[in-house]
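Asker: Listed here are the chains, written in short residue letters.
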Amino acid sequence: MFCPARDHRLDPSLFLRSLKFISPAIKVTVLLTVFALTFGLVFGLALAVARVYGNRFAATAAGVYSRVIRSLPTLVVLYIFYNLAWVAFRVGGVTAAVIALTVCTSAYQSEIFRGAIQSLGTGQMAAARSLGMSRATAIRSVIIPQVLRLAIPSWSNEAAIVLKDSSLASAVGTAEVFRRSQQIGAANRDYLTAFLAAGLIYFCLTFITNRVLDFAHKRYKLKT
Amino acid sequence: MSRKYRLVIALLLAVALVFSVAAVAGCKPKNALQAILKAEKIIVGTSADYPPFEFVDVATGNYTGFDVELMEMIAEKLGVTVEWKDMNFDIVLNSLQSGQINAAIAAMTIDPERQEQALFSNPYWESPNAVLVKKDSTVTVTDPLVDFPALRIGVQSGTIHEKYVKTQLIDAGKMEAANLSSYPRADQAILDLVAGRLDAVYMDAAAAQAFTESHPVVIAMLHEVESGMGIAVMLGEQELVDKINEILAQLAEDGSIEALGDKYEIAQTLAEGG
Chain A
0 MFCPARDHRL DPSLFLRSLK FISPAIKVTV LLTVFALTFG LVFGLALAVA
50 RVYGNRFAAT AAGVYSRVIR SLPTLVVLYI FYNLAWVAFR VGGVTAAVIA
100 LTVCTSAYQS EIFRGAIQSL GTGQMAAARS LGMSRATAIR SVIIPQVLRL
150 AIPSWSNEAA IVLKDSSLAS AVGTAEVFRR SQQIGAANRD YLTAFLAAGL
200 IYFCLTFITN RVLDFAHKRY KLKT
Chain B
0 MSRKYRLVIA LLLAVALVFS VAAVAGCKPK NALQAILKAE KIIVGTSADY
50 PPFEFVDVAT GNYTGFDVEL MEMIAEKLGV TVEWKDMNFD IVLNSLQSGQ
100 INAAIAAMTI DPERQEQALF SNPYWESPNA VLVKKDSTVT VTDPLVDFPA
150 LRIGVQSGTI HEKYVKTQLI DAGKMEAANL SSYPRADQAI LDLVAGRLDA
200 VYMDAAAAQA FTESHPVVIA MLHEVESGMG IAVMLGEQEL VDKINEILAQ
250 LAEDGSIEAL GDKYEIAQTL AEGG
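Residue numbers (numbering that gives the first Met the number 0), protein chains in the order written: chain A, 0 to 223; chain B, 0 to 273.
Here chain B stands alone, though its shape is the one from the complex (with noise of 0.2 Å):
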């Protein structure tokens, strides 16, 4: 008995050591700018595959897109490269917290959960969201917050479309749970929607534009809500975030921001939209 029960004490102390080594190397000074500057190279984060803004230029096997493009001018501002890395999307920001990278850039869009993890940049983009629908489909959506309740939707786990369905409509009695179904990545919503099994997809409208060339969906309508993307930085990395805000309102202002929307063929407003 007294040998089992030291054995247990035993392992219980070699797991708390282990935690407060983690907890105490965890504790970096903060001073990512300068170690950037010094390394001559950026550590960002990202997921490649999310065209427009993030995929993989399979005839050179290079990571492109508006976000890849765009990151590269910062980092040409900065006077130093890029080092990409690229990862399952859940696991950006916990890369980030950890500081395996220092900077994510991931078609996030800033929200108040996101900045409990990170301390976001300005938003850098402002994309619509769209309701898509099949092809031929008899659905019609003029007001989400209207026309949902009655409707099976589909949506990405972890967007905040996901959550806007969430707690304007079901939160609030207005939508039944199970009208709502949430998936691991868009295609597979893109799939269930042209198979029948739902009547509507809300997301991104860059992604959606893209989905429509090659999936028999149309997009029904572009809903603007409040939805900048933003760059992610380690939380307290005050002089690394306040420098890319910097570099990014010169990219804007010399309209290099808007090339890269018009490149990349992604609307930034509804005036725009398409």
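Just chain A, same shape as in the assembly (with noise of 0.2 Å):
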């Protein structure tokens, strides 16, 4: 029977010492997340606006980016960007990992958006129009600001989601918490109390992450 405590003597003063090696990398993550989901905020909202106001050829376009990304693992764009972005524009691994993530990202929240675009009915803009909106004006003024408050909690969802993912960057050799567990495991060669500690980290980064947007939500909810 395998029993971790008798087998793996965990050991308090190991834990705390491999939190204190992980901690730094902490602002790594963080870094990879808000540049990630920010950008990748964007550039969705963008997909998600052309897929649904957009000409034939916008529609398609942004449909089928959405599709194919989707399909792919996370880890997969990743390295297939690690390995372009190096040899099309000489930028390495952290910037390959940023670019991999907002890209997997945008797909996901173009259907976010979209989502919450359709939800908020034709009304919307026919409303708009009549008072004499552009397309563009309505677009900007009434639709997206509506867009972005109904969108916060699947967003949330979503924000976890691409914290969690950053950890793939590790694979590239970004020093974020990830890859520095994997390190004092390997150096202490206690690699359970080194992943129990990432483990704690990325709970009170994901936990605090939600609180934020939870309240949020709570505060800008549209009322219906």
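Just so you know, the hints here were simulated from the structure itself, not pulled from any lab data.
Keep in mind that the hints are not guaranteed to be accurate.
To be verified - Sample of chain A residues facing chain B (criterion: CB under 7 Å; computed from the structure):
| no. | residue |
| --- | --- |
| 1 | 82 |
| 2 | 91 |
| 3 | 153 |
| 4 | 170 |
| 5 | 185 |
| 6 | 190 |
Unchecked claim - Pairs of lysine to any residue residues, derived as SDA-like cross-links and limited to a Cα-Cα distance of at most 20 Å, are as follows:
| no. | chain 1 | residue 1 | chain 2 | residue 2 |
| --- | --- | --- | --- | --- |
| 7 | A | 19 | B | 58 |
| 8 | B | 262 | A | 187 |
| 9 | A | 19 | B | 56 |
| 10 | B | 134 | A | 188 |
| 11 | B | 40 | A | 89 |
| 12 | A | 163 | B | 87 |
| 13 | A | 19 | B | 40 |
| 14 | A | 26 | B | 57 |
| 15 | B | 40 | A | 187 |
| 16 | A | 19 | B | 61 |
| 17 | A | 26 | B | 59 |
| 18 | A | 19 | B | 63 |
| 19 | A | 19 | B | 60 |
| 20 | B | 37 | A | 89 |
| 21 | A | 19 | B | 262 |
| 22 | A | 26 | B | 61 |
| 23 | B | 40 | A | 73 |
Unchecked claim - Far from chain B, some chain A residues (derived; all Cβ distances over 12 Å):
| no. | residue |
| --- | --- |
| 24 | 17 |
| 25 | 69 |
| 26 | 86 |
| 27 | 95 |
| 28 | 122 |
| 29 | 126 |
| 30 | 173 |
No residue lacks a Cβ here, since even glycine has one placed at the ideal position from N, Cα and C.
From the two separate chains plus the hints, produce the assembled complex.
Answerer: See the structure below:
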């Protein structure tokens, strides 16, 4: 019978040292996540608008992009960009990781925002147009603000996913939380403790993110 | 119908364009040694999760280990500094091929498959392999070729140890494929050994020695097989690898490599083994 306590000697001081060793990497994880989510939001929103309001070409292109990217595991996209980004633009690990994470999350976010736009209904656009607004103005001033507020719960889910996917950047050498836990796990020959420490860190980060977004949702949700 | 058709063509052309850019851009002139000397630094890739060859010094946060120090010595002789790039082991050769790193040192055993992807230096270290069993286990191994088939063996995937068992025993029909378990990391195999799901683990002796200190496992036997570790550079970089070989020969002659082996307590041959 495998007994962790007996066979593995879980050591609290080692746990604390692992935490201390991994902590400096937290800002890398956070930065990766923030960059990916932000660029992903801008791009994803643009894609969603193209899907719903764009001409046939834009809508199809956005749709194909979304379907293709969502069919690929993030790790595969990461490895593809790791090679492509270097060969084409001479940028390496971290940048490739941010690009890959952005590409993946933009596809999922485009689906989130597309769903939110469609749940708004056609009434908003019709009303705005009848007031004399151009389509562009209507989209910018009427549709998008409401879509952003409607999408918060689903977006909160996506934010947690991107935070956890940032751990994939370790594969291409980004010194974020997961890579640091692998390193200290190896150095101390105790991976269990190292990954428990990493787990605690990810849990705290995700918890904080979700709470902040829950608050935003309560504060900004549409009164229907 | 024709609009969708046009779109598909457009997408295929875009993909083709990307690939041709990639293919052309990948063909750089081969003069890494000149570039390194000019930049006064060599970019070296490793996977700092494999003590005692490369790992992190927890106190300082710096990379340390046999491979790390060896590379630093080589760089000193070259008159350049080392810029270390840490990454997952499976992407090290990939980074070398794409040119993101000039050289790679990661306890990589030279084998024909790897030699198709990179150019290796002369072996700088020859490490025997070890068979690990659980402490107080009744399993005895005197010759892997004879004893392995009846046991449940664990190896790390992608290693020469996995290849050895597969080609010598499983493909030869002497052993059931189900008796071999491959793990992404060596420590996972050790955990299964301790849990009783494996009878023995076959891996590099130096790393095995390290595991005996932290887990209830012992080395049942040392097994010497042709397995030298080499420094890898991009295919075609003959000048660079020649220079590295020259320096390795110097370091071997003045005893530096042996001193490193003593420092990290790893044995090169069965004679010193333990």
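Asker: Are the hints correct? Go through all of them and say.
Answerer: Quick rundown of the hints versus the structure:
no. : hint             : result
1   : 82               : holds, 5 Å
2   : 91               : holds, 5 Å
3   : 153              : violated, 28 Å
4   : 170              : holds, 5 Å
5   : 185              : holds, 4 Å
6   : 190              : holds, 5 Å
7   : A:19 with B:58   : holds, 11 Å
8   : B:262 with A:187 : holds, 18 Å
9   : A:19 with B:56   : holds, 13 Å
10  : B:134 with A:188 : holds, 17 Å
11  : B:40 with A:89   : holds, 17 Å
12  : A:163 with B:87  : holds, 18 Å
13  : A:19 with B:40   : violated, 31 Å
14  : A:26 with B:57   : holds, 19 Å
15  : B:40 with A:187  : violated, 30 Å
16  : A:19 with B:61   : holds, 15 Å
17  : A:26 with B:59   : holds, 19 Å
18  : A:19 with B:63   : holds, 19 Å
19  : A:19 with B:60   : holds, 11 Å
20  : B:37 with A:89   : holds, 19 Å
21  : A:19 with B:262  : violated, 27 Å
22  : A:26 with B:61   : holds, 19 Å
23  : B:40 with A:73   : violated, 33 Å
24  : 17               : violated, 9 Å
25  : 69               : holds, 16 Å
26  : 86               : violated, 5 Å
27  : 95               : violated, 10 Å
28  : 122              : holds, 30 Å
29  : 126              : holds, 32 Å
30  : 173              : violated, 9 Å
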